[in-house]
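We have chain A already, so just place chain B on it with the hints.
Respectively, the protein sequence lines represent chains A and B.
In this text, residue positions in the first sequence follow the UniProt record's numbering: the first is 1, and each later residue adds one.
In this text, residue positions in the second sequence follow the UniProt record's numbering: the first is 1, and each later residue adds one.
Because the hints were derived from the structure by calculation, they are not lab data.
Note that beta-carbon positions come from the ideal geometry of N, C-alpha and C, so glycine has one too.
Covered stretches of chain B, going by a simulated chain A footprint (3 or more residues, C-beta under 8 Å):
hint, region
1, 217-231
2, 238-244
List of simulated lysine-lysine pairs, DSS-like, C-alpha gap at most 27 Å:
hint, chain 1, residue 1, chain 2, residue 2
3, A, LYS28, B, LYS257
4, B, LYS257, A, LYS235
5, B, LYS257, A, LYS33
6, A, LYS33, A, LYS12
7, A, LYS358, A, LYS137
In silico contact screen, one side only, chain A against chain B (beta carbon under 7 Å); selected entries:
hint, residue
8, ILE46
9, GLY84
10, LEU105
11, LEU116
12, ASN265
13, PRO295
14, GLN301
15, ASP303
16, ALA402
17, ILE409
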Amino acid sequence: MAEQQRPTGLGKAADYLDQRTSIGLAVKEFARKVFPDHWSFMLGEIALFSFVVLIASGFFLTMFFEPSMALVRYEGEHPASMHGQLMSAAFHSTVDMSFEVRGGLLMRQIHHWAALIFVASIVVHMFRVFFTGAFRKPREINWLVGAVMLVLALAAGFTGYSLPDDVLSGNGLRIIDGVVKSIPVIGSFTSFLVFGGEFPGEHIVPRLFTLHIFVIPGLLIALIALHLFLMVLQKHTQYPGGGRTDKNVVGYPAMPVYVAKMTGNFFIVAGVLALMGATMSINNVWNYGPYDPSPVSAGTQPDWYILFVDGALRLMPGPGWEWVIGGYTLSMNLLIPALIVPGILFTLLFGWPFLEAKVTGDHREHHVLDRPRNRPVRTAMGVALLVAFVVCALAATNDLIATHFSLDIFAITWVLRVLLFVGPVFAFWLTKRVCLGLQRKDRELVLHGHESGRIVRFANGEYVEVHTPLDEEERWLRVNYDSPAPLEITPLTDARGVRRKGYRSDRRWQKVSRFFYEDRVSPVTPAELEAAHSHGQHDTIEAKEPTGAGSVAGQRRRR
Amino acid sequence: MKALAARRHHRMAPVVLLLLALLTTGGIYAALAPSTAKAETVSTADIETGKKLFQANCATCHGPNAEGTDGVPSLVGVGAASVDFQVSTGRMPMQTNGPQALAKPPQFNEEQTAALAGYVASLGAGPAIPTDEQVDASLGDPSNGMALFRTNCAMCHNAVGAGGALSEGKFAPALWETSERNIYQAMQTGPQSMPVFNDANITPDEKRDIVSFLVEQREGSAGGNALGALGPVSEGLWAFVIGLGLLIGAAVWIGAKSS
Numbered sequence: 001m002a003e004q005q006r007p008t009g010l011g012k013a014a015d016y017l018d019q020r021t022s023i024g025l026a027v028k029e030f031a032r033k034v035f036p037d038h039w040s041f042m043l044g045e046i047a048l049f050s051f052v053v054l055i056a057s058g059f060f061l062t063m064f065f066e067p068s069m070a071l072v073r074y075e076g077e078h079p080a081s082m083h084g085q086l087m088s089a090a091f092h093s094t095v096d097m098s099f100e101v102r103g104g105l106l107m108r109q110i111h112h113w114a115a116l117i118f119v120a121s122i123v124v125h126m127f128r129v130f131f132t133g134a135f136r137k138p139r140e141i142n143w144l145v146g147a148v149m150l151v152l153a154l155a156a157g158f159t160g161y162s163l164p165d166d167v168l169s170g171n172g173l174r175i176i177d178g179v180v181k182s183i184p185v186i187g188s189f190t191s192f193l194v195f196g197g198e199f200p201g202e203h204i205v206p207r208l209f210t211l212h213i214f215v216i217p218g219l220l221i222a223l224i225a226l227h228l229f230l231m232v233l234q235k236h237t238q239y240p241g242g243g244r245t246d247k248n249v250v251g252y253p254a255m256p257v258y259v260a261k262m263t264g265n266f267f268i269v270a271g272v273l274a275l276m277g278a279t280m281s282i283n284n285v286w287n288y289g290p291y292d293p294s295p296v297s298a299g300t301q302p303d304w305y306i307l308f309v310d311g312a313l314r315l316m317p318g319p320g321w322e323w324v325i326g327g328y329t330l331s332m333n334l335l336i337p338a339l340i341v342p343g344i345l346f347t348l349l350f351g352w353p354f355l356e357a358k359v360t361g362d363h364r365e366h367h368v369l370d371r372p373r374n375r376p377v378r379t380a381m382g383v384a385l386l387v388a389f390v391v392c393a394l395a396a397t398n399d400l401i402a403t404h405f406s407l408d409i410f411a412i413t414w415v416l417r418v419l420l421f422v423g424p425v426f427a428f429w430l431t432k433r434v435c436l437g438l439q440r441k442d443r444e445l446v447l448h449g450h451e452s453g454r455i456v457r458f459a460n461g462e463y464v465e466v467h468t469p470l471d472e473e474e475r476w477l478r479v480n481y482d483s484p485a486p487l488e489i490t491p492l493t494d495a496r497g498v499r500r501k502g503y504r505s506d507r508r509w510q511k512v513s514r515f516f517y518e519d520r521v522s523p524v525t526p527a528e529l530e531a532a533h534s535h536g537q538h539d540t541i542e543a544k545e546p547t548g549a550g551s552v553a554g555q556r557r558r559r
Numbered sequence: 001m002k003a004l005a006a007r008r009h010h011r012m013a014p015v016v017l018l019l020l021a022l023l024t025t026g027g028i029y030a031a032l033a034p035s036t037a038k039a040e041t042v043s044t045a046d047i048e049t050g051k052k053l054f055q056a057n058c059a060t061c062h063g064p065n066a067e068g069t070d071g072v073p074s075l076v077g078v079g080a081a082s083v084d085f086q087v088s089t090g091r092m093p094m095q096t097n098g099p100q101a102l103a104k105p106p107q108f109n110e111e112q113t114a115a116l117a118g119y120v121a122s123l124g125a126g127p128a129i130p131t132d133e134q135v136d137a138s139l140g141d142p143s144n145g146m147a148l149f150r151t152n153c154a155m156c157h158n159a160v161g162a163g164g165a166l167s168e169g170k171f172a173p174a175l176w177e178t179s180e181r182n183i184y185q186a187m188q189t190g191p192q193s194m195p196v197f198n199d200a201n202i203t204p205d206e207k208r209d210i211v212s213f214l215v216e217q218r219e220g221s222a223g224g225n226a227l228g229a230l231g232p233v234s235e236g237l238w239a240f241v242i243g244l245g246l247l248i249g250a251a252v253w254i255g256a257k258s259s
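Isolated chain A, as found in the complex (with noise of 0.2 Å):
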């Protein structure tokens, strides 16, 4: 029998909440709450806790900031060049905050590094859960939010990259203004709306200061806790394995394992990112100057996330592309880089869930994360989207390639013009066929065993190499999946001959369905398993006593 223990003040304390507010009893339920272990679950960790720091450090820059674009000459000595310029208030409080507060230049470069790892760690965050197929059912609800926060860390981003009113974030809401004027009809009225008048006006930046710091990170926070809500409400994903089936999760509890980890996790995020906002400057707005919409300088380019449109607007040809209708101009050499290469990405990034479950025939849960190898289109899909992403950030970079690998910027654009085009659709064949080339590898393995190098000589001189089989998790791993069929669909008429109403939606549908599933390597049955058993079996059998025949009894061989 435990003895009765003293209760301590912290035991008196929590006794006190809990009578009023049964606390303890969520308390109990989170603290067994079981997740799966696995480093790549921690990706969204990284991007929750680089949040943590940017709001953080953006509640200090604040203190500080002056969202205004009112005229001020700057009368600080550091640094010299920028002492008595005429600039912008916001402009002055940036320099003023980063020369003249103490750690303020600090807290500007660790909140800059946390942006750029923000948007970084939730672009792998959902690579990882797109290539593993976490985002089916019933996560899809959970996928769009997660898309809708990359959106708005892209626009946390790129308003808060245009707060400091410097040169170089003025040329980016220069471009963002020639895009918006590029919207048919519209267009010059939304341009005007946005900046209070003509570019640049006086009213941006108190604006973007208001969405940068109120409306996007209020709504981050609010679809963050959704997004975590929901991903404790549908339980975590795990990966395939002994065991794990989508009815079960196989893990650790919250308390105390994923709070130690999560704990460390938090401060080597943190950790990292002081470190960098301490060693490698960032963003010297005072490099650039206070903004004026004359000059642009060499190597103006937007953050990484935003590179990619950046980079289609430098890839589309110019001229032949602005087209006069009815007096009109209809600039599409702006509104396909800069308004549907985006536009196509987004629609990807958030149909993709329910084109697949569409296209699949699939309307059951899924719990235990899919191998990318046994999902050869959608693995394929994702990584000729991130080939056609990195062509066109490569683009946006076409001076600095040019200067530090002496190549001529047209020849570079050119090559990344075809590279678009050619680029993706061979990254897809590729990764198809390497998939395809793993399922069939898995397949072997799990019917063959593995090759253990030990060579046996018959007494008839025959030579065989002894396969050791799989253990019951390597196996599980390989032969526990599903491989989808291409859609079967009903026929256009009845056995009476009456021709029925969707066929044609239905065939389109089969037709998506077969490029998806048409080429596809079925996981090996019981039956084969068995078939394939007997049959080295049979083997060992017919070569008539082997010499070593104790060692060689019971293992499978090669047929």
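This is chain B only, laid out in the frame that chain A set:
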């Protein structure tokens, strides 16, 4: 000595030896390498020497009397500043044909360069080599230089002079290592793709302000490593390589820790 002898088979011994060897060679090089001498004013007597040098090294392309040939500019009236810039940065004599003449270790020493400059200057009036006072960065106003640089230079040379790309393989070089005199001369004479910024366009004082701004940039960034001062692209690259690299590494490590 005994302790040293005992450790000579230590596995770190070769590394230590290698480091010592590198240190020694580096030290000797630093001590003995030719240092750049001060530019001198050239006397008229040197013009003859300059002419001889010109005819031996430059006349093939620029013509025996510097009158220029097909596709090669005449040097009459380019002035001493232009010759000094081109020759002291090693761009001339040109080594190979390419999108543009590249800077390389200069082929001529200070006196020879001065003689060549004197000879070309004697052919026709042109911008003279700036005086030391004209290019003294400490006398300039970096703030005004910043404003001028931003408006006139940054579109090719990058906001702080880190360099940038031009068309067809040509480029505006980085200005980190360019001497104050050469920066000034480049503005005066507009070498290669660069436009001329004459004294009416940017006054000598303003040119010095620009030099002063560029020299200030060499002190590095207040925020730590400047990452090449290339802007968001290099920042994004390092965010992935260092930031996300460390964080994913840490995630793998935490994930591998037994629970």
